[in-house]
Each structure stands twice: as C-alpha cells, then as structure tokens.
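Student: Going down the list, the protein sequences come from chains C and X. Residue 70 in UniProt numbering is what sits at position 70 of the first sequence, and the numbering runs on without skipping anything. Residue 256 in UniProt numbering is what sits at position 256 of the second sequence, and the numbering runs on without skipping anything.
Mixed in with the good hints, there may be bad ones.
With the C-beta cut set under 7 Å, the calculated list includes, among others, these residues of chain X facing chain C [claimed, not checked]: (1) Leu108; (2) Val132; (3) Leu321; (4) Ser355.
Derived contacts from chain C toward chain X, CB cut-off under 10 Å, selection only [to be verified]: (5) Glu47; (6) Ser84; (7) Ala85; (8) Pro87; (9) Met94; (10) Gly101; (11) Arg102; (12) Arg110; (13) His111; (14) Val133; (15) Ile134; (16) Asn143; (17) Gly210; (18) Thr211; (19) Ser355; (20) Lys357.
Since the hints were derived computationally from the structure, they do not count as laboratory data. Ideal Cβ positions, reconstructed from N, Cα and C, are used throughout, including at glycine.
Spelled out, the chains give:
Number of protein chains: 2
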Amino acid sequence: MSLTDTLNDTLNDTLNAIELADKNFMGEAQKRSDNLTKPSGSLGRLEELANIVCGIKRTLKPKTENKIIFTLAADHGVAEEGVSAFPQEVTKEMISNFVNGRAGVNVLARHVNAKVVVADLGVKGEILSSGVVIKKIAHGSKNFTKGSAMTREQAIKSIEYGIELVDEEMNNGAIDIAGTGDMGIANTTPSSAVVAAITGADAGKITGRGTGINNEIFNNKIRVIKKGLNLNKPNPDDAIDVLSKVGGFEIGGIAGVILGCAKNKIPVVIDGFISGAGALIAYKLNPLTKDYIIASHQSVEPGHKILLDYIGLKPLLNLNLRLGEGTGSALGINLVEASCKILNEMATFEEADVSKKIN
Amino acid sequence: MSLTDTLNDTLNDTLNAIELADKNFMGEAQKRSDNLTKPSGSLGRLEELANIVCGIKRTLKPKTENKIIFTLAADHGVAEEGVSAFPQEVTKEMISNFVNGRAGVNVLARHVNAKVVVADLGVKGEILSSGVVIKKIAHGSKNFTKGSAMTREQAIKSIEYGIELVDEEMNNGAIDIAGTGDMGIANTTPSSAVVAAITGADAGKITGRGTGINNEIFNNKIRVIKKGLNLNKPNPDDAIDVLSKVGGFEIGGIAGVILGCAKNKIPVVIDGFISGAGALIAYKLNPLTKDYIIASHQSVEPGHKILLDYIGLKPLLNLNLRLGEGTGSALGINLVEASCKILNEMATFEEADVSKKIN
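Based on the provided sequences and hints, a complete structural model is requested.
Tutor: In structure tokens form, the structure reads like this:
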C-alpha cells in the first residue's frame, strides 16, 4: 500500500498538482536584475528572493499587493504534562486579541500591509467571534504520552483544512504572497516531537524553552517528548503518521496552507519553529513544495535550525524571535515585497543613461 | 593643543551637545514590553530596538512617522588609480537616477515610506537638478597616493555640512528617524583606508571587492590603500586627520549626519561599509554617538565587520548587500519602525484579558 492510497481526494489532488518552480523565469529575472542600475549581485539575497518569486509565479513582473498571513490555532492534550509556562486558556484568549487587532502579528501585519486570517483548527472551547474561520477538528489534540495525539483521519483533515483556507481566500480574491503563523499553548512540544521523528535528531538537541520555561520544566519537556516518541513510534517516512501520533491540528493546518500555496503557485513565507514543523510535514508529503517556501527567520528554538537544514532553507532574518503567530512571516513578507519592487521599479542602465561596468 | 581647539563652532557645539541615551526610558520601555501580550523577550531584537529608540527620544511612545535617508555623494581622486569596476562619471549619472526616483535607494525608501535627501558633497562636475542639496566642497577629493585627500579645513567642512543637512531638515519639519547612504565611485577605497587607519587592522583584511572587481584590480586596490596610508601617516587618535588624509567628502558628510542626529536625539540607521566609515569618524570624535547609531546590515565588504566590532554595533540584517546608497538603511528603518509599533499598538495582558505566565 503506497502512502497516498490512504489519502482522500483534496490532499491527493493537491500533492499531485504541485510543480517545480520555473527555472527559466528565475534565470530571466536574474538577467533583468543584472541590468538594473547597481553592481550585479549587489542586492544579495533580495535578488535571490525576486528570482524565487518570479520562478514561482512564472512572471518577470511579480505582484505582491495581496498579502495574507494565516494564523492557525489549536490546543494540545500534552499541555497537561506541564510543558508550558502559560496556562492552556491563553490559546482561546489570544484569539480574541487577534480579532481585536492587538496582538503581535496584527501589529506587524498592519505594518507590512498584510491581512491576518485567523482559523480555529482545534482550540479547546467554542470560538464565537465572526472574525475567526472555524475549521475545528476537536477541542484540542490528545496527550501523546498516553497514545496518539489524533487519528490518522484527523491528521489528514487538518492538512486539508489548511489547503481549503488557501483555496477559499483565492476564491475571495487573490493571494499574491502568503505567510503562516500559529497559536497554541504547549505547541513547541509536539513540534519538537515532529522534528525529532522526521529528522532523527535527538529530542534533547531539538527542544527549547518555548514561551520561557525554567530548567525543571525544560527537563520535563524533553522527557515528555521522548516518552511520546517511544510510546507511539511514528514512522519517519510517513508524515501523516508522524502528524497524527505526536503532532497538532495547527501544525497539520500549516502544512496544508503550505501545500495549498504550492498548488496555487503562491510564495509562502513561513514563521518560526511551529510553522517549520508544518513545513517539514508538507515537504515530506511532496518535496517539490520546497520551491514555494521562504523561511522568514531563524528562531531561538534549537530545533528550528535542524529542520530548516533538513529541508534546505536559509532564513532571511535572525532577530532572536520566538513569538510565533506569524510575526516573523510579516517581516519576511516585507523583504520579499521589497525584492519584487526592486525588479519592478528600478531603472536599467539604458533607461537611466548610466555608464556600465568597465571590466 | 587639544583636538577640539582646531574645530570651529558648528562641529564643536555639536560634539559638546551630544548626551548619552536615557537608560531610565530604556528600562521603562522594556517593562512595558514585558507586559504586552507575548512571552517576555519573545520579540528579541525588536524589543531591544524599541528600547534604544525610547532611550534616545526620552519617551515610551516613540514616533517614526517622518523618516529621512540622507544619501551623500562625492567623487574620489584615488579613482584614477583604477580601483573601481565602474567609471567615475557614474557618480554624477546616478544622481540623476536618484532624482528620478529610479535607483535602489528610491525603491526601498518608497517601500518603507521614507524620504530620500540627496546631497552633493563633492561630485566632479556641476549638478544642476533642484532635487539635490548642493554642499559641494570640491570637484572630488585628491588622489591620496600623492598626498592628502583634502585639507583639514575641508574635512571639518564636510562634517559640518552633514550636521547642517540634519539641522535644515529639522527646521523644515521633523525627523523621527534617519538613515545614511552614499554614492561615490571608488569610495570603498577611502573607506577601507579610514577603517585601517583608525582600527589598526591590516588593509589586506579590510579591503573587499566593492562593486565587483577582478583579482588584478583587487590586489592593486590593496596596494593603493597601503601606499596612501604609508605616505600620509594619518593619526588614528585624530579622526579629522584620518578623514582629511585618506577619506572622502561623503564619508565626512555621513559622520556629520550621524553627529547631527545624535545632537538632535534622532536614531540614525547606518547603511553598509561607507556609512560605517563615516560612523567610525563620528564615534572617534565623540564616543557617546554610539548610543544613537543602529547598524542596519552586515555588508559583504570584510572591513565592515571590523569597524562594527570596533564601535560595538551588531547589524540587524545579513542579506549579502553591497550596494550602498542607503538601501540597507531603508530596510533597517523599517525594522526599527516595526519595533516601535509593537510598543505603541500591542495590547497588555490586562487590556486584552489574557492570562499571565504561571511560573
């Protein structure tokens, strides 16, 4: 039985629809960049970013007008093991903060002129606000130290909900560039477990201090992750198995958003560690997805570098961020937009009548 | 005779007016930041940036509305030694490109909603455009392999012109945050010489490939810098002596802009290597200036890290930029603005009714 035999249509169709970015457009974009009034290559990674976007969108005039950050929320049964510095109700409380536009991601999204789409993939309790997209799978995942975090069907559903979020926004208008973000108390714990399961790296090397835990909780957190991995034995070659056994609903949803963006040929700027765990799931399901992912920043969480290296992504920023929500995505989207404006707005040597390089 | 005895009033008054940033406001800003709806410290360097701006401006509600990038241009006699990949007329040609809004700095400044003030400190030839502030000291500096690049009076004048640029813009309205940038074919050569003279580092370790020179020109460039240093013997403890013997007019102007910002309590985001050489001059003239300088990015030029370490500055971005003009400053200003918006716009735990950390 192949892996994809067990997947339903939405996910299967998405995985099959993802194509490589177009290398010809990337090359043509660099040629245009080389003819702009600056030394060739002098805008470094901004030039690379513009090339990537041109390759994704198959154009030399990439638009970045419609920017959406998908902030996905869920709760985690493993929170009852005392792995977080914050109480579980903060997940739900923060959703109100998002809707009111007063959380970190709202401020940074406004700053870069991006819209925030907040979705409930599995928050404990009912979310009544009309400002939240409800795609709830359950009232939190289960405690993975006592069994699977979710069923295989729920894992697939969480990914499909992420794909749907992208498709729905595309139907509402357009997405020129997307970002991912997360909210879920304790979610660095399942993210660490996912990264350990897939990369094979030791949980002790992956695990960080999340929202800011002390040594005692930190050591407990590592024990909890190891216990979950030993009990559930996720199959590293089956990303759905990993997600269902030790993951979380928003992690699956983020994987889905990334796959949905790849299918729709939209560059997707991922945030930090939790978004990275989602990206790892998406990448394992279809490695071509990598062409569509831009890593916004290097998180303080030690496992983040491990997963980015595994996929082969190099983060744009290193500002010691560890908030999540999509805050890093907002800053990354801004750099991608800057890179596209360079390509679209700068004069060529001919247009500006500027002399070229001598040798 | 003390150093300052030889300085005239504008420079002396400015140096004497510079105060340390206010540590109380920095501490109060961090306290406010710790009470915003996020784990304490989770926005990393964004939190630090907001603290710095609050310390500079003596406020907990820092404004970043009026953003100005000062792009200073000049030519360099040492260009005749064949140290650049581009012909000297590009300096003047690029000024038209700036005025037309089609150069890299214009695109990125528009992206971050900053104004670009272009000033001619010593371009070869007449600049006729009304869009350029003319503060011309000479039609290019002299070739420092044959004597001093400029007189001591000219060096002081270049710094004072930079101070004037800031004062004039303050009189025109306000500057909430400033950036620096440069244009001047061959100007990585005098910048390398300035950094070598002041830091004592070897010219071979400082010198880079500027706009993109081949091995032969690169080796010649190092020889030229060493020759200039050996001939002129700049006094590392006298920044004006260094600037006059091996510097350039825009480098002095940038030092002046930085001093002018420090005097006016304006955070100043410096660009790459040439702006860094200017910052080094400003820092040597008054080390308190350091409190007002924010390093936007780590340039590809190897001497940049050496000078940033010397001053004690840690760059925000590392995107392999080496264009100059203020392009990196624009991106850095955007991050500083983001950091201030976080402080101004995010809800506190109380305001949002979000539960606090347990332990």
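Student: Compare the structure with each hint and give your call.
Tutor: Outcome of the hint check:
At about 6 Å, the closest approach between the beta carbon of leucine 108 of chain X and any beta carbon in chain C falls short of 7 Å, and the interface hint on this residue holds. Using the Cβ-Cβ criterion of 7 Å, the hint placing valine 132 of chain X at the interface with chain C is not satisfied: the shortest such distance is roughly 15 Å. The interface hint given for leucine 321 of chain X is met, as the beta carbon of that residue sits about 5 Å from the closest beta carbon of chain C, less than 7 Å. This hint holds: serine 355 of chain X has a C-beta 5 Å from the nearest C-beta of chain C, less than the 7 Å allowed.
At about 9 Å, the closest approach between the beta carbon of glutamate 47 of chain C and any beta carbon in chain X falls short of 10 Å, and the interface hint on this residue holds. Here the hint on serine 84 of chain C is kept, as its CB sits about 8 Å from the closest CB of chain X, short of 10 Å. Satisfaction of the interface hint for alanine 85 of chain C is found here, the shortest Cβ-Cβ separation to chain X being roughly 5 Å, below the 10 Å cut-off. Interface restraint check: proline 87 of chain C against chain X, minimum CB-CB distance 5 Å, threshold 10 Å, status holds.
A hinted interface residue such as methionine 94 of chain C counts as satisfied when its beta carbon comes closer than 10 Å to some beta carbon of chain X; here the least separation is about 6 Å, so the hint holds. Checking glycine 101 of chain C against chain X by beta carbon gives a least distance of about 8 Å; that is within 10 Å, so the hint holds. Taking 10 Å as the C-beta cut-off, the interface hint given for arginine 102 of chain C holds, the closest approach to chain X being about 4 Å. The closest approach between the C-beta of arginine 110 of chain C and any C-beta of chain X is roughly 8 Å, which is under the 10 Å cut-off, so the hint is satisfied.
Taken as an interface hint, histidine 111 of chain C checks out: its beta carbon lies about 5 Å from the nearest beta carbon of chain X, inside 10 Å. Given the 10 Å rule on beta carbons, the hint for valine 133 of chain C is violated: about 20 Å separates it from the nearest Cβ of chain X. About 21 Å separates the beta-carbon of isoleucine 134 of chain C from the nearest beta-carbon of chain X, more than 10 Å, and the hint is not met. Look at asparagine 143 of chain C: its Cβ only gets to about 18 Å from chain X, farther than 10 Å, so that hint breaks.
A cut of 10 Å between beta carbons decides the hint on glycine 210 of chain C: the least distance to chain X is about 8 Å, and the hint holds. Hint status for threonine 211 of chain C relative to chain X: holds, with the closest Cβ pair at about 4 Å, below 10 Å. Hint status for serine 355 of chain C: holds, given a least beta-carbon distance of 5 Å to chain X, under 10 Å. The beta carbon of lysine 357 of chain C is positioned within 10 Å of a beta carbon in chain X (closest approach about 5 Å), and the interface hint is therefore held.
Checked against the numbered hints given earlier, the structure breaks hints 2, 14, 15 and 16 and satisfies all the rest.
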